[in-house]
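Just so you know, the protein sequences line up as chains L and V, in that order.
In terms of my numbering, the first sequence opens at residue 44 and continues consecutively.
In terms of my numbering, the second sequence opens at residue 1251 and continues consecutively.
Each hint should be verified, as a subset may be incorrect.
Covered by chain V, according to a simulated footprint, are these stretches of chain L (three or more residues, beta-carbon under 8 Å) [unchecked claim]: (1) 68-77; (2) 94-101; (3) 110-119; (4) 146-153; (5) 181-188.
These are computed hints drawn from the structure, not numbers from a lab.
Beta carbons are placed, not taken as given, at the ideal position from N, Cα and C, and that holds for glycine.
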Amino acid sequence: MNTLRNLGLAFVLLLAGPLAHAHIASNGFLTLRVDGSKIAGAIELAIRDGELAVGLDRDSNGKVTWGELKAGQTPLQNYLQGHLRLAGADGPCRLKFAPVEVNDRVDGTYLWLPLTAECGGTLKRLFIDYTLLDAEDPSHRGLLTLFANGAAQTAVLGGSAGTRQFELNHASAWSAFVEYLRAGIWHIWSGIDHLLFLLSLLLPAVLVRRQNRWEAVPIAGPAFLNIVKVVSAFTLAHSITLSLAAFDVIRLPSRLTESVIAASIIIAALNNVFPRITEGRWRIAFAFGLLHGFGFASVLTEMGLPKGARLISLVAFNLGVETGQLAVVLAVMPLAYLLRATRFYRRGVMPWGSSAIACLALFWFLQRALL
Amino acid sequence: MRCRRNQSRILRGWLLRLAALLIAGGTSVALAGPYVPADDNEVLAEVSAGTRYSDVSARRLARGRIDVAIPLAEFYIQQSRLNGDLRFLGYAEAVLAPWVKQTPPKADVLALQATLQQSRHEFSASLATLDRALAVRPQDPQALLIRATVLRVLGRYPEAGAACEQFSRLVEPRLAALCIESLRGLNGHLESAYASLIQVSAQGWLNSEKSWLYSELGEMAVRLGREQEAERWFQQDLRLSPTDFYVRAAYADLMLQQGRSAEVLALLAGQESLEPLLLRIAIAQKQLRDPGLGLSCARLRASFAAELQRGDAVHRREQARFLLEVLNQPDLSLAAALENWTVQHEPDDVLVLVHAANAAGNPQAARPALEFVRAQGQSDVRVAAMNPEIAAAR
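Using the sequences and the hints, build the whole thing.
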């Protein structure tokens, strides 16, 4: 009896005592981006888990090298074909893998396999059957991040969950509208370059140029008209190019558009310091507004326009941009109007404020054009 | 009453905000992302015995033979305990799976299953499994000891004491003393429990038993404020089991408390792959303004985010400390510490909660923990130092 007791006890102590917890459990990371009938993404699996699943350590020395991982790609891919099944309503997707890479995470090095899948028809619903390591480590889970139609969802795959089903809801028109409206407002607020361009054109709107000097406009009417013209021209111009770019009619390299946007700010600001165009600044607003539109479009390209709600999202985004822009105009211009007759405004804000804007824009220009 | 309402509101929102913070928030240093190694001979991972593909035959054998399954599961659980790797618990689970479903299940299998659950902080599940194990075999020392451990973590000391009593009748006196005295150290008899554990001679003990003794003594000494003695116990334990990350973490906490951040980095060098140790490294780096902080922070963020997505609760206490001591987010930290307190009642859980509540300017929020401490007569100089009320009561 006594021996029997002692037999187990060395072991008992290893289990009890203070609570042990260190590593996170085994996770695979699956990222999928759905586009029509196609999926692109990657799966990430700890090398140790890869070894457990298919045996990567060819020379059995207890170490998996990069050479061994590359050599083990075929069995690995075959294993994944059997344990990661994607399907749409029309049937299973055909999975293909690109050459393996690696990624470092806290608990060790992970293998990183880019994948693509062709699912036959446009995906409205995605079925994922994730059974990686189900026999070897039931606590293994797949952490999924799924991007579809401009929305991201996450889920935990594996375990006893079985096949999981994901609705790739075409974003409802209203939610898309709100989301893109917000993105538009946010972009104009965070993309200070567009605002500075507009402000450079609006600063002189409350003044008139007479005998090489800035003088205050005597009444609100002309100032108001100036502002409306500039803002409308800018809006019209960037709406045109934004739409063209969003629907892929025209594409310009972002380095070019970003550099020219910076240049446009320099020109608009310098025009306040050394006035060349004093009447009809709306023409500058229109001409360069065309380029700013391409700048806005780059944000949309990053977000992607949701299928089925492309037009409404585009309109919403544009409306958001206008809203943000108008808010700034409404906040700044009454103040400018009130201050227009002061020396501070005519001799301070106009030349020095504009110079500061030009300097900042020059810095952007150099950064964007040369780096 | 108002305080209570505030707390529940904090609790409702904290998970979302924490998720947002961890996943999106202020990633000053991004992890590098995938790359192609330059050298074919670069070692990407080491795979230890029992985790190789070639071990598949043993695992297959275990499916049909319980005399293979039990030792193999024990081996995996030992490995997880030794090197703190939760993956081994998964391997043990795989080996046990067919035997847990068997009716009626064997007590050994159930005790192992309960151990797995305890290690994953699934405490109620673990207790339920232990009940089943003890129903099959009421005199099972292993099940009784795990039961005592789980109940102790939950702060249910009288029940833990009962399990210890039963355990004591089945095992040698030294183990009985360890179970009982370490519990007495928590419910009002710290000084005398510490004294009597020191009296116990460790001669002839197994290394695993000595290691348990030293880590208990070290933690008791910390709570007594006898820092030099604590350091000696921790060092003794580390000499005995250098891979014991648990005691290494406790030792690092002692050093952090004494402002010995540079020594913490030396103590934990090369142990960055264990999250609790990486947390201590990050805290030390922050105090030293070490440039390595960005990377440590990004890695902790990534692993806590993964844990959060999985819905695991293994590192709640660490999350609260990370939020407070690395990210300077006292409100979120307080919410995490409160959430942790609803589950665990260890001295370090009290400490984290009091610390977070003070930092958040809401010391009242730590009331449940302080009431628990008072009711149990628990003494801990670290808590007292942070809370004048407790200090005055002493």
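Hint-by-hint comparison with the structure:
{"no.": "1", "hint": "68-77", "in the structure": "holds (count 4)"}
{"no.": "2", "hint": "94-101", "in the structure": "holds (count 7)"}
{"no.": "3", "hint": "110-119", "in the structure": "holds (count 3)"}
{"no.": "4", "hint": "146-153", "in the structure": "holds (count 7)"}
{"no.": "5", "hint": "181-188", "in the structure": "holds (count 5)"}
Checked against the numbered hints given earlier, this structure breaks none of them.
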